[in-house]
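Below are the chains, spelled out letter by letter.
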Amino acid sequence: MSLAVVPEAAPHEAAQEPDYIRAKSGVLSWLLTVDHKRIALLYLGTVTITFFLGGLFALALRTELLVPDHGIMDAMTYNRMFTLHGVTMVFFFMIPAIPGVFGNFFLPIMIGAHDVAFPRLNLLSYYLYLAAVILGLWGMIHGGTDTGWTFYTPYSTTTTTAVLPILAAAFINGFSSILTGVNFIVTIHTLRADGLHWMRLPLFLWSIYGTAVIQVLATPVIGITLALAGVEHFLGTGIFDPAHGGDPILFQHLFWFYSHPAVYIMVLPAFGVASELVGAFTRKPLVGYKMIALSTFGIAFVGFLAWGHHLFTSGQSAVDAGVFGFVSMLIGIFTSIKIFNWVASMYKASIYMTSPFLYTLGFFFLTVFGGMSGVALATISLDVHWQDTYFVIAHFHFIMAGGVVLMFVGGLHYWFPKMFGKLYNEGWAMVAAVLVILGFIGTFTPQFLLGNEGMPRRYYSYPPHFQFLHVTSTIFAYILGMGLLLALINLIIGLINGPRAGNNPWGAPQYEWDTPSPPPEHNFSATPVINRDPYEYRGQEIIENAN
Amino acid sequence: MIFAAAFYNDWMRRILDLPDQASSIAPEVDQLHYFVIAVTMLGAIGLTIATIYFFAKYRYRGKQMIGQEYKPGPMFEVVAVSGPLAFFLLWFFIGFHQYVEISSVPDDAMEVYVMGKKWMWKFAYPDGPNAVGVLRVPVGRPVKLLMTSRDVIHSFFVPAFRLKKDVIPGRYSELWFTATKPGSYQVFCAEYCGTGHSMMRAEVVAMPQAEFDTWMAQQRNSPIPSQQDSYQSKNEPQRGQANMVVQGERLAGEKGCLKCHSVDGSAHIGPTWLGLYHRAERLSTGETQLVDEPYITDSMMNPTAKLVAGYGPVMPTYMGKLTAPESAAIVEYIKSLRDPQLQAQPSEGPAYEPGRRP
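Here the protein sequences line up with chains X and A, keeping their order. Counted the way our numbering counts, the first sequence spans residues -18 to 528. Counted the way our numbering counts, the second sequence spans residues 4 to 361.
Next up, chain A with everything else stripped away, as it sits in the complex (with noise of 0.2 Å):
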């Protein structure tokens, strides 16, 4: 009996094309799913049989030949009223039920604040480490996110838990979700917000529980900062640098920077920041630049100047518009950017790649 609901579940969900199973409500969500398909399915192809059977018998075959007028009695309305009824009823029933059941959150859930801006997730544990682009929670716990947008309306969908909610400026809201499988699962920005939209991804990474505190206190003993919290160090020696960065991340927000320039190493109008420090860029002129600090600020006072081999022209001058310590946090900002992975390879293709679905 179980391996045959297995089975079930199974064969409707490799049909249906949908994703992996892996939060606590996916499988109820599937179940529901399932059902409507297949009856409103059978539904619209037994119509489309009725159609087709219709006009295979019905087919006109005289030039005089008018059909007989059918006046249905009033049960025919009846049925057709009652019938899908019953049925849209039945669905709307379990859908709400299930709705209030994603929109209650456990008491006991762990916390992380989510915020989204164009065009990168990042994370925060209220008493551990900051991360951008990925999201590492415990399996079998309940996880409540309280998101909220630094600019446009965002939203944070993630296929395998069957869940979405959308990220707005101005207001915290809530989503949560109990992982059930160790694995890494797609997030997906789903409210269109500009031009990184569809570049606007993360990963939720679901891990054992043991596995998970392991990895939570070494975040919070590291003295090097990793790339999850490369640029909010808690290591108090680099409080001030710390501060800079924190304030250049804003300043870069602010002053429209990341509208252009991605932080998480996805292609856009401009070269991506992740990794840009220290790197050798190819120049329009077939030069070649280390990317140092007198460069950076360089680039924003008289931006075309030296112009990254394959960007166009576009990028406005900051001349007047940041102060010496503005542009100057902007350079920690952008120092403190590091991929080692992205240092030998600059400004090419997506840093995160989505795992594929088993």
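This is chain X alone, in the form it adopts within the complex (with noise of 0.2 Å):
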């Protein structure tokens, strides 16, 4: 199967004003830009990176479990190599991934609007963003540190490897974080065309408003936590080391009030994703659009009250588990209602397999088992034996991990064509697709696994009965790794050398397509008027020459 192309621009695209790309040209009109298109693209260009880093940390990681003692690098390069992994992935990945690209490219063009509301307030986020990483970076190179992505008090207050950078890295991401949040929440509530109302909202950007609220509420307690540790650090004030009068805990309290909701700031994009493949693959209406758009309220809301269960083996009295185990249940809750009506929308469908929509199927799979996972994590009972071994690990990666890779690899296949105007190959994009999930499935699948036998988590050496499941994920590992690589190359060819894509290669019915691939600089020609519901066919969506 592939995607012909448009022969010549049809008369009606070709367009008055140039594409945004060819708008400008110069290597200062990219890096002083303020078109919410191209902040998108600089985004996508540095969270490729980092997250290709960040795999190669984990490659690193795996290798070096291949044997139970010492393979590839000693005890204290690994340690550095798993904080380094934490540290890139979440910070650096996962949490600006899918707002920062798909939310700045997609959001002005989905609700009718030629920009975000504060243009140049995005690309201070940009910057903030990129000080990040490459202080982050900087700090990497300047020796690392060795605390976990966690930063778990007293031992990163008392560490000698150089921990300041890194947390100063994420307090700054922090900020970078805050500042879109503030940008999208106005932009959504200030800047819809006429007609767009409330219940006409993508899912996509439902979930972005989502994720922005949490990012503007719970950020800031992070950034507080990280410069309480840092300067617990540098002067010994005693606000977390027992040795100074401190309290270990009350940092594992902070820290999980913010990184637990930060969950659902990397997942709730995922899920946003995840809707408008479906809505526009299964070729009808979704299912149940207010209850996937009320049931992302519920995790924002219930996700802030959850974070006690990271601490059921910490001390906590056994009331406070029992309410934060309940409420973690709840999240379970919300999360199935969105399954369900993900799949109930193929029912009577007319399913259209492309590379997306398998990402997509990918992605069910890993959400229901990694979610079913969270549900027996959340059985405090259960959790005391499973707490900080590789079956939490194995848990995070299905759901969170599985969820944002395969909806920021899957949305990039899905919105490519709009974005560059190009084609990809589809055959290969295929080829890619089935080696990601199978990859992802095979490495973390022996890991649940692991966690039942008792494998403690950032274990650099391990008895030799747990060697047999470490290769098994090894070697999967390496098979998800090719994967990824192979839908990196595929799309730098289509970038290059693909075909030139048409308006709506898809024959998807969502607002975005309506647009030229690629869009104008000021993304309209006249102010839209939106008059329709967001998956609402209406038969003229036919598949540009497909086969």
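Simulated from the structure, these hints should not be mistaken for laboratory data. Note that beta-carbon positions come from the ideal geometry of N, C-alpha and C, so glycine has one too. There's no promise every hint is true.
[What the hints assert, rightly or not] Straight line, CA to CA, 20 Å or less: simulated PhoX-like cross-link-like pairs of lysine-lysine:
| # | chain 1 | residue 1 | chain 2 | residue 2 |
| --- | --- | --- | --- | --- |
| 1 | A | K262 | A | K184 |
| 2 | A | K324 | A | K258 |
| 3 | X | K329 | A | K258 |
| 4 | X | K271 | A | K74 |
| 5 | A | K184 | A | K147 |
| 6 | A | K60 | A | K74 |
| 7 | X | K329 | A | K60 |
[Said to hold, decoys possible] Partial chain X-side listing against chain A, Cβ under 8 Å, derived:
| # | residue |
| --- | --- |
| 8 | K265 |
| 9 | Y328 |
| 10 | F350 |
| 11 | S442 |
| 12 | V510 |
| 13 | Y518 |
Please assemble the complex out of the two chains, which come individually in their own frames, going by the hints.
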């Protein structure tokens, strides 16, 4: 199957205005741009680099774990490596990826606006993020740190490694996150086109909106917590370190007060992308639009009250544990509402099988099994055994890492024709998708079993009877890595050599496909009026030359 | 019936790769584990099959083919919410009940003090000996661990008991269990604590009450310090030395020695101190050096002069950072860490090999 070309631009799209890529030229026109689409591409370039860096760290870890003892690195290097993997993936890839790239590019187009509400603030967000990445990378080269991305005290306040640059990078990244959140909230509230009332908002925007609310409310807490940890490291102020009269558990409460909602900062946008892909490729209106939109806010709200489930073995009271365990179960309910509606959307559909939709199916699988393992972990007495084992690692890589990666890559394949006006090779994209999905499942399924057996996380060396499952996991990690590399190469070849894409190569109903590919600098020549629901097929969305 | 239950238990345990059930709580927790995993896996597989079925049945079959709008009634959402909710709540209540049980220490529990530090576990019986790396407990009697850490947060984790509790500096946390089968069970540190985190292991040895009593009596009466109580002898004539050893142990922690040197034979940045005294070490120059008091003291003050083969020149000098009594106390502490098994084979591998699961 291949997506063929529109031979020549149809007369109505022979744009009077050049597209946003060709509108201006020169390096400065990119670095100082306030165009949301160009900023999205700046994000795309940066998150692609951080993603592959984080992936390389992961493969180094998996390679070391092929043998129970010393393999390719010593214990100190290993500890730094898993810290770098976590920090890079969480703060520099998963938090900014989908809002930074797709949020920036499509939010204004989907609501019929020319740009976000504060274009210059948007650029500042990007540069704060870039500064954080550079500071983080500098800190890594400068020696790195071995605290893990959780920075638990008093380990982090007493380590001799270079923890401060990494703390500072995460701190600065928080500002970028807050500014992006404020910008998106204001944009959705004030710049919607005529006719676009709230119940016509694409589900991707509902999830971006929910994410932005969490970003604005929760991020300040991690900022102040990391700042306090840094001050403690320098001055021994005695906030978290019991050697100076502090309380190390206080740090864990503050840390997870942000970092649990942060899971939804990462995964809600992925849920939003999934809704768009289901809407586009089932070729019928989505089932349960309102329920999916509302469940986003259920997750965002309840997610604030579940942080204590990270502390079931830290020594909180049974009452605390009970409350946090109960609230955590509700997150499972809201997530299952989404999944049921997505699967129900396939009923009586006309499913158009493409590489983005294959990623979506893989995402369903990871979310269902990862989500169910989350419910198991929320069961308090079971968590006592699983806490800090590979079961937890497997759980959050299934639902959080898997969700974000599959929907980031899947979304990129879906929107690529719109963003760049080019098509990629669909056959190779399918091969890459199969490798990525198999790689993900194969890497982390053995880790569930390792966790059952009692293999703790962050272990450099392990008893030999764990080796078989570790080797299996590593083999699939390489397959996953190859799949992602193949997807990247395929997209780059498409970008350079791909045939031109029409306005709507998928025959999708959503608003953004009404613009030319790639869109002109100001998105629309006339101010659009929206007079339909986002997933409503009107009959004219014919898949262009599909066979 | 009982046979069938035992068969089911064993079968599920093997499928899920769970370790032995060696504590009173383990079979109970595992029953909930099987229940939760069975239902969630069946639910997830059911949903996967539905997805595959829809996918096969409703494939796109023509250029202008558009799916039929499907609007399920409100019952769909009601079922989608209440079905999972019923199970989730049931699991929550059972899990919470078990958690309360895990948290409620029986009054008649035998107490053992546990100290975690980088990177070893030390156990102290209120009326008996101390032990490093091996916790001996009687089978069938509740044991309450009173745990604290000397440096950073550790976590005491016994997979075969399905129990885990963080060990926190500056406070005592409690963990109780009743071992149900004699045997030796792996202890892991489950909270990341630095370079030696993955080697911070120990074992719980559960022994029949009579055997345990005999062992305890032996420990109290033994004139020669055994491996377990090697550096805190209760023996009167050695009192002075023991005090220095204790002092040295404290200093080794405070001055950072233990960040690189293990005391349990495990590999680290520096050579292990276990069995170091009177060992014949090969130096990086190829020479052989007998480890005696002068060599140990020299190595503190001028660490890179005589490096043990295979270790980097990374240790800072302690010249001016240790007073003479302090370095002497540390030397005494190192001397006390004797392990007859290791004297012949310097600096090789972990002292403790975990037992294989049956």
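So, going through the hints one by one against the coordinates:
1. A C-alpha spacing of about 36 Å is found between K262(A) and K184(A), which places the hinted pair above 20 Å, so the restraint is violated.
2. Annotation: proposed proximity of K324(A) to K258(A) holds, straight-line Cα distance about 9 Å (limit 20 Å).
3. For the given pair, K329(X) sits about 71 Å from K258(A) by alpha-carbon distance, which is inconsistent with the 20 Å threshold.
4. Taking the CA atoms of K271(X) and K74(A), the gap is about 12 Å. The hint holds against a cut of 20 Å.
5. Distance hint between K184(A) and K147(A) is fulfilled; the C-alpha atoms sit about 17 Å from each other, no more than 20 Å.
6. The hinted pair formed by K60(A) and K74(A) meets the criterion: a straight-line CA distance of about 19 Å does not exceed 20 Å.
7. Annotation: proposed proximity of K329(X) to K60(A) holds, straight-line Cα distance about 8 Å (limit 20 Å).
8. Interface restraint check: K265(X) against chain A, minimum CB-CB distance 3 Å, threshold 8 Å, status holds.
9. At its closest, the beta carbon of Y328(X) sits 5 Å from a beta carbon of chain A; the interface hint therefore holds under the 8 Å criterion.
10. For F350(X), the interface hint holds, since its Cβ comes within 8 Å of a Cβ in chain A; the closest pair sits about 5 Å apart.
11. Nearest Cβ of chain A to the Cβ of S442(X): about 5 Å, under the 8 Å cut. The hint holds.
12. Because the smallest distance between the Cβ of V510(X) and any Cβ of chain A comes to about 24 Å, over 8 Å, the interface hint for this residue is violated.
13. Because the beta carbon of Y518(X) sits about 5 Å from the nearest beta carbon in chain A, less than 8 Å, this interface hint is met.
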